[in-house]
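Protein chains in written order, with my numbering: chain R, 6 to 534; chain G, 205 to 570; chain E, 37 to 380; chain L, 37 to 380.
Treat the hints as calculated values from the structure; they're not laboratory data.
One should not assume that every hint holds.
Every beta carbon over 12 Å from chain L, so not counted as near; a handful from chain E, in silico [stated by the list, open to error]:
hint, residue
1, Gly-136
2, Ser-185
3, Val-195
4, Leu-199
5, Leu-225
6, Phe-318
7, Leu-332
8, Leu-366
Quick list of simulated restraints, FRET-style, between CB atoms [stated by the list, open to error]:
hint, chain 1, residue 1, chain 2, residue 2, range
9, L, Asn-155, E, Asp-205, 48 to 58 Å
10, E, Leu-251, R, Gly-471, 33 to 43 Å
11, R, Arg-395, L, Trp-101, 50 to 60 Å
Here are some chain L residues pointing at chain G (derived, C-beta under 10 Å) [claimed, not checked]:
hint, residue
12, Asn-106
13, Asn-152
14, Asn-155
15, Leu-201
16, Thr-204
17, Ile-233
18, Val-237
19, Ala-241
20, Leu-244
21, Leu-294
22, Ser-300
All of these numbers come straight from a predicted model, not from anything done at the bench.
A virtual CB, placed ideally from N, CA and C, is assigned to each residue, including glycine.
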Amino acid sequence: MTPAENASDPAGRANASGRGIAVEGLNKRYAAVVALADVSLSFAPGEITGIVGKNGAGKSTLIKVLSGAVRPDSGTVLVDGHPVSLGQPSDALHRGILTMHQQLETFGGLTVAENLLLGTPHFPRGPGGMVRWRTLWKRAEAVLEKLRVEIDPRAPMDGLSVADRRMVTLARALVDDDGRMVILDEPTESLTAAEADHLFERMRELRARGICVIYVSHRLEEISAMSDRIVAMRDGEVIADGATAEFDRARLVELIAGPEEAKPSPAAIPASQRQPLLVAEGLSGPGVAPSSFSLHEGEIVGLCGLAGSGRSALARLLAGATRAEHGTLRIGEQEHSFGGPHDAILAGVVFVPEDRRQQALFPTFTLEEDVVAGSLEKLRWGRTPFVSRRAQKRAATAAIADFNIAAAGGEQLTQTLSGGNQQKVVLARWLSTGGRVLVLDEPTQGIDVGTRAEISAQVRSAVEGGGCALWISSDFEEILTVSDRLLIMREHQVVAEISPKGLSQAELLSACLPDQPDPAAAEAAGAHG
Amino acid sequence: GGNDDESSASSGDSAAPASAGDASGAGEEAAKAGQDLPKGLTAGILHVQGTAQSDQLIGYGVEDALDALEIPYSSQDAQGNPAKMASGLDALINKNPSVVFGISVEPATITAQLKKMQQKGIPYINVGGTVAESPLVALSPVPSDYAQSAIATQYLLNTLGAENKESPGTPVGEVASFGFDPIYSLFQRRITFETMVKEAPGVKIVADHQIDFENPTGDIQSATESIVQANPDLKAIYSCCDFTLPPIAAGLRQAGATDKVKVVSAQLADPAVLDLIQKGEIDAVGNAALGASSWMAVDEFASSEAEKREICRTCWMKNEYMFAYSMVDKENVDPSFDLRPDFAINPLIVDYPGYFEAKWKKEYGL
Amino acid sequence: MSTKPLSPAPAGAGAGGPTTVAEAEARAQRWRGLGPRVRRFGVIGTFLLAFAVFAILKPDEFLSWDNFSNILSSAAVPAIVACGLTVPLIMDDFDLSIGGVLAFIGSLVVVLQATNDWNYELAMLFGLLAAVAIGLLNGLLIARLGGSSFVITLALGSVYAGLVLWVTDSQTIYSGLKPGFLSFGQDSLLGIRLPIIYAIVIAVALFLLTERTVLGRKFYAVGENSTAAYLTGMPVKRLRTYGLVLSALAAGFGGMVLFAQAGSTYANAGSPFLLAGFSAAFLGAALRSNGRFSVLGSAISVVLVQTVATGLVIVSLPSWTINVFEGSILAVAILLAPQVRIWK
Amino acid sequence: MSTKPLSPAPAGAGAGGPTTVAEAEARAQRWRGLGPRVRRFGVIGTFLLAFAVFAILKPDEFLSWDNFSNILSSAAVPAIVACGLTVPLIMDDFDLSIGGVLAFIGSLVVVLQATNDWNYELAMLFGLLAAVAIGLLNGLLIARLGGSSFVITLALGSVYAGLVLWVTDSQTIYSGLKPGFLSFGQDSLLGIRLPIIYAIVIAVALFLLTERTVLGRKFYAVGENSTAAYLTGMPVKRLRTYGLVLSALAAGFGGMVLFAQAGSTYANAGSPFLLAGFSAAFLGAALRSNGRFSVLGSAISVVLVQTVATGLVIVSLPSWTINVFEGSILAVAILLAPQVRIWK
Ligand SMILES: Nc1ncnc2c1ncn2[C@@H]1O[C@H](COP(=O)(O)OP(=O)(O)OP(=O)(O)O)[C@@H](O)[C@H]1O
Ligand SMILES: Nc1ncnc2c1ncn2[C@@H]1O[C@H](COP(=O)(O)OP(=O)(O)OP(=O)(O)O)[C@@H](O)[C@H]1O
Ligand SMILES: [Mg+2]
Ligand SMILES: [Mg+2]
């Protein structure tokens with residue numbers, strides 16, 4: 006069955022069975038950009054559908070239409086065979102369609118419990134509309150329990166790490182056992198295998214209860230393992246739709262990235278030639294227990310750990326965003342004690358933070374303005390204080406090309422870009438500043454497979470000339486392929502160093518688990534690798 | 205509109221410049237046949253704060269006087285906003301009037317406009333209340349703040365003296381004052397009060413509250429209560445101006461000190477105060493017939509036009525008696541007051557409208 | 037899992053510098069040599085210190101029941117207005133029309149009973165309905181049609197100020213107010229003046245509404261992140277409209293109390309409440325550990341500020357120093373406030 | 037807590053419902069049946085319509101060079117102040133001290149020359165330095181020590197208002213001003229009054245600074261996301277301090293121009309500029325396609341609002357209708373504004 010045939014069929018299938026959700030002839034344009042082009046799909050109860058596609062392909066737009074957040078220019082949504090109007094998110098929620106959007110939107114100042122349940126029928130309402138707090142804490146705990154998350158429901162949301170916030174929003178979408186559909190837009194972004202497993206368990210549970218599950222991810226192994234059916238999108242169109250078995254990895258990569266093969270990463274410099282560039286000894290700070298490690302010239306070092314193990318805290322420390330308490334940090338010959346990110350930047354540290362929305366993006370800047378925000382000084386018009394428009398345009402055009410940013414043009418506001426493209430903007434801004442020490446916290450979150458390879462190539466070429474990179478990623482598959490060496494963090498401390506060569510994801514995961522019986526073994530493996 | 209007063213004046217009659225020299229004291233004697241009011245005179249009126257009763261009272265005075273002379277006018281209300289004072293005056297100037305009457309607008313806020321008027325030869329006349337002296341203001345026939353304050357202070361001292369059981373006639377006791385020095389006329393009133401009280405050794409000023417003009421009502425009421433509490437022996441409150449009286453009365457009412465503390469103030473224009481006087485919450489207010497200011501101003505303007513002379517800055521003073529400075533208290537208060545046609549808060553002591561109307565009839569044959 | 041905010045205060049107010057709470061705290065500790073215990077009570081402490089000074093200088097006057105009652109009754113109407121405007125502010129909507137609404141509704145109620153000889157209860161009921169209508173209009177223009185709350189309410193505030201002149205015919209209305217209406221503003225219950233009681237009731241009601249009910253939590257949710265609120269199916273527009281209706285209602289009721297207290301209307305009655313109300317709300321937010329607007333914070337701030345103002349009048353300083361002291365006390369208090377926020 | 041109510045950023049207030057720009061646009065299109073072309077020019081169109089009405093009713097007065105020059109000269113000082121306060125507002129800092137600063141610096145310069153008989157140039161220089169010092173103090177308390185800009189500047193504004201009374205000894209000072217100082221405020225150059233020229237120069241300079249220079253770009257970055265700006269190595273505190281210094285400087289300069297224009301100091305000179313300045317800034321932001329605060333937007337808004345006010349004065353309506361019309365025109369204009377933002 007060709008994808009095209011398949012795409013036209015499902016609506017009928019849903020009608021026939023009388024249950025399920027379908028879309029017919031969806032179209033959505035944003036000025037010149039076609040986000041959805043005549044999309045017709047149907048989703049059967051008890052089926053997990055994985056959606057793949059490159060950044061800007063229209064996956065999130067499809068999801069926004071299904072969840073009532075965006076109205077299509079034309080086309081209909083059918084619920085159990087009947088056309089419905091999803092004018093706003095509450096319309097979809099009332100029909101049992103729960104969604105976790107890609108953009109992490111939370112109520113920062115409210116508690117975890119309120120983030121989970123406020124606005125849902127599960128929120129405990131006492132007499133006079135009063136909140137029954139005790140019931141609320143209990144229910145929230147129960148909901149979190151379903152995902153095996155241990156977060157205090159009374160904690161304020163903005164105190165959580167990105168992964169925890171992600172888990173809370175996920176839990177919110179997965180709260181109902183008797184809904185109709187659950188849609189998860191890149192749920193595993195910034196989750197490690199350990200947390201993802203709990204999620205998958207819950208997804209299977211929902212499938213068993215006859216709920217349609219739609220799920221978007223750029224992690225191909227994961228999607229192959231989890232979904233019953235895969236839909237591939239490109240430029241707003243559905244280009245393939247079929248049972249998961251029909252797709253092998255190569256086909257998926259081709260569907261996402263297009264026919265041209267990703268360039269293989271340049272080979273790493275042999276270990277013997279490496280000079281230590283960054284050396285930390287007993288370094289500790291907020292969220293980081295004394296840790297010693299070094300990064301060598303020309304090396305990409307992966308930093309692994311479970312969510313909450315302190316990887317981001319260490320990255321912040323290296324970037325001068327938090328202050329070191331004890332220990333020393335040397336870069337090259339010089340010992341540093343950063344008073345703030347500006348000091349770190351002067352010392353050649355480049356930091357891509359994990360939390361794009363709150364720490365990286367300038368939402369109403371245009372793409373051009375945002376991409377150059379880290380290197381404004383280079384854009385001066387001669388020696389004047391003015392920004393050269395031409396230099397800005399040139400820099401932006403280069404970044405758009407280098408990072409495959411899909412946008413209507415340099416004038417598009419960054420907040421209207423697709424999630425992956427926003428991440429590319431952030432990366433482009435940072436990698437164009439030309440520092441020696443790259444500290445990359447989840448740099449490829451939300452980025453499609455094709456571009457991932459290019460980004461690792463870019464990082465590789467950046468470190469080639471005498472730099473080094475610390476690459477944090479929760480995607481173990483990726484981190485095993487990009488890094489020359491791996492550091493393991495447990496309980497806020499760098500505890501081990503291992504070589505990625507020949508290591509399986511499962512082995513890596515077990516190295517990260519807190520009750521790892523014998524870290525020395527792993528350390529030994531690293532030393533010999 | 206759009207007349208040129210110079211040309212229309214000369215076409216009106218020929219015996220014009222004769223009496224220009226002896227401006228002072230010209231007054232009634234200058235009334236000769238043939239000195240008609242030039243045709244086509246127009247006027248502008250600039251209200252400082254059209255919602256204030258005093259402003260309306262003075263404004264009506266100007267309007268009625270102009271009506272009596274059949275001079276058309278247009279008005280602007282600045283709503284207390286300096287920016288609107290300037291733009292309102294601009295708008296009036298644009299109509300090219302023969303004169304603009306400003307109701308207690310501080311010249312500082314409209315300097316640019318006044319300069320322009322000077323260049324265009326349009327006189328600017330201030331009516332109602334004292335403003336800072338300025339060469340740009342052609343005339344300012346206003347009741348004396350010293351006088352208003354002096355009679356009020358004297359009334360207060362007399363009352364305190366009468367209450368003195370030990371040596372009747374000698375005023376003793378603690379008093380508080382409300383004022384706002386940055387406004388020149390209010391400063392004059394406070395200084396008068398202070399000077400007179402200094403001469404009565406038994407009287408002590410225990411508080412001198414400067415009104416918060418951003419929030420006058422709330423500030424005055426709460427300050428009244430605080431002052432009464434802080435000074436249990438307080439005998440009296442002196443205030444600069446009538447708009448403070450309702451909140452002062454409310455403050456005293458709240459503090460339960462209405463009967464204990466006498467309240468005396470200068471300036472009376474707000475009829476709400478009459479009510480308070482009648483109820484005995486406020487004791488007495490020094491009054492000047494503000495409307496007389498308007499009629500005197502219009503009269504001097506008309507004379508200068510008729511006689512083709514400069515406006516005389518001091519001639520109005522011989523009529524100052526029309527202000528009829530007097531204290532209004534429970535004995536003589538007339539709460540049936542209406543803004544029109546009386547222009548004074550109490551039955552007219554001097555019938556200045558009648559006087560001027562008769563004078564104009566005789567001089568200009570209206 | 038730790039409940040301590042460790043990520044950079046997300047673009048929060050006054051963020052800018054400190055990336056983590058611990059870091060900010062460490063830095064703060066460095067420049068001020070004070071122990072955490074002292075700083076913890078910084079704001080309240082500054083005010084208490086000021087009160088202590090007043091109490092020492094004028095013990096009998098400042099520490100009297102009369103003075104206390106005087107402070108509270110001066111604070112009553114501002115507190116009603118401030119509590120009301122805090123509700124839309126929680127949702128990030130500025131309601132700058134409150135001054136106009138207060139004067140307009142107050143004048144309307146007075147005119148209806150004094151000039152048109154309505155029953156005063158009926159006039160008050162009508163006034164409250166008019167306030168609701170104003171709130172709904174604000175909601176329509178701002179929440180539904182998406183106008184900027186700042187500009188729309190400023191513009192409408194000017195319209196209402198114009199309507200005041202229209203209904204009162206630009207006159208002060210001081211006669212014809214019904215005795216019942218005057219009692220409504222001037223009587224006492226158990227020795228407590230009625231406006232104080234109204235203010236307490238309204239503050240408590242709005243406090244419960246915003247902090248303890250599901251609706252109130254949704255208000256906060258909208259304020260925290262309106263996109264998230266929309267996506268989770270909350271009726272954002274309706275919630276914002278509720279907020280604007282509540283603030284119009286509070287302002288309208290405040291206007292009635294004000295004129296009943298004064299026994300007359302007067303010119304420009306509304307404008308002082310605008311800046312006073314907003315500064316109380318912002319001060320209240322700065323006092324709270326999480327820096328959020330809150331009804332209680334606003335109410336407390338009104339009383340604190342009024343107490344300082346009264347205290348300064350009682351110690352009778354030269355008038356210019358009153359301004360200076362008032363401003364300085366506020367500034368010092370607020371500088372100590374971030375500490376509270378950090379230590380929770 | 038976001039204090040930037042206009043930002044269309046995800047958590048922005050104006051947002052509320054619309055998740056995406058295009059969606060908001062689609063919705064807006066539905067309820068208003070106007071063609072996009074019409075709506076595109078909504079705001080400016082409303083004002084132009086108002087101007088056309090004035091021009092038809094009073095062609096000679098409204099369309100005269102004199103009137104034009106009057107409008108601009110009345111707008112001069114407000115525009116200077118509004119442009120200044122826009123700079124910290126871009127970075128999310130409210131500077132409410134401008135009223136106090138304006139009056140204080142203006143009075144200081146007058147007192148120094150009139151009472152202390154200083155050279156007027158020296159007095160002005162001293163005034164500007166004092167303004168810088170005030171800005172630095174604001175910056176220290178707000179950007180460095182993390183006080184809430186709203187409350188701190190409000191408090192300090194009150195302090196400066198007190199200092200006005202102190203330096204002027206609570207008097208209006210109208211004699212002793214040097215002729216040179218008076219010319220500085222009252223002369224014309226090529227038939228254009230000097231204050232207009234100052235306003236244009238300042239507006240253009242601040243426009244270039246904020247929109248065209250590296251520094252200005254950083255200002256906007258701080259306003260958009262101060263955490264991101266900090267992590268990008270921008271000296272957030274220093275940038276915010278610059279903003280506060282610029283607004284204090286503009287306010288101080290405005291005060292000098294104001295009193296030189298008037299030829300004297302006067303009471304409460306500063307307060308009218310506070311609300312006028314902020315409403316201009318917010319209106320300007322609503323006019324811009326991306327909803328950002330901008331110097332140009334603020335300057336244009338001041339002139340638009342002044343023109344409407346003057347027009348209404350010229351057609352000489354009863355005073356209460358002026359309020360009503362002014363408010364309504366503003367409200368209608370702003371309701372059409374979101375269109376502009378969407379369509380760029
Ligand atoms: N509000 C908007 N205004 C303009 N263009 C938009 C808007 N929203 C989305 N787009 C454009 O629509 C296209 C599809 O975006 P969408 O978010 O659906 O992509 P996606 O497949 O989810 O990509 P990603 O993998 O990066 O999340 C993108 O090119 C994006 O720039
Ligand atoms: N200032 C601090 N004080 C105490 N503990 C801290 C501090 N900062 C971080 N932590 C602890 O470190 C944990 C890790 O937070 P962080 O945001 O660094 O996540 P992470 O370890 O990188 O994990 P991930 O990003 O995968 O979720 C937090 O959950 C918290 O318990
Ligand atoms: Mg997406
Ligand atoms: Mg992390």
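Evaluated hints:
1. Gly-136: 8 Å, violated
2. Ser-185: Its Cβ does come within 12 Å of chain L, the nearest being 6 Å, so this is violated.
3. Val-195: It is violated; Val-195 of chain E is separated from chain L by about 4 Å at its closest Cβ, not greater than 12 Å.
4. Leu-199: 7 Å, violated
5. Leu-225: Label holds. Min Cβ-Cβ 34 Å, cutoff 12 Å.
6. Phe-318: 4 Å, violated
7. Leu-332: 16 Å, holds
8. Leu-366: 4 Å, violated
9. L:Asn-155 x E:Asp-205: 48 to 58 Å: 53 Å Cβ-Cβ, so the 48 to 58 Å window holds.
10. E:Leu-251 x R:Gly-471: 33 to 43 Å: 60 Å, violated
11. R:Arg-395 x L:Trp-101: 50 to 60 Å: Taking Cβ atoms as reference, Arg-395 of chain R and Trp-101 of chain L lie about 41 Å apart, which means the hint is violated.
12. Asn-106: 4 Å, holds
13. Asn-152: Hint on Asn-152 of chain L: violated, closest Cβ of chain G at ~19 Å, above 10 Å.
14. Asn-155: Where the cut-off is 10 Å and the nearest Cβ of chain G is about 22 Å from Asn-155 of chain L, the hint is violated.
15. Leu-201: 7 Å, holds
16. Thr-204: Hint on Thr-204 of chain L: holds, closest Cβ of chain G at ~7 Å, below 10 Å.
17. Ile-233: 14 Å, violated
18. Val-237: Since the shortest Cβ distance to chain G is 19 Å, the answer is violated.
19. Ala-241: Hint on Ala-241 of chain L: violated, closest Cβ of chain G at ~24 Å, above 10 Å.
20. Leu-244: 27 Å, violated
21. Leu-294: 9 Å, holds
22. Ser-300: 4 Å, holds
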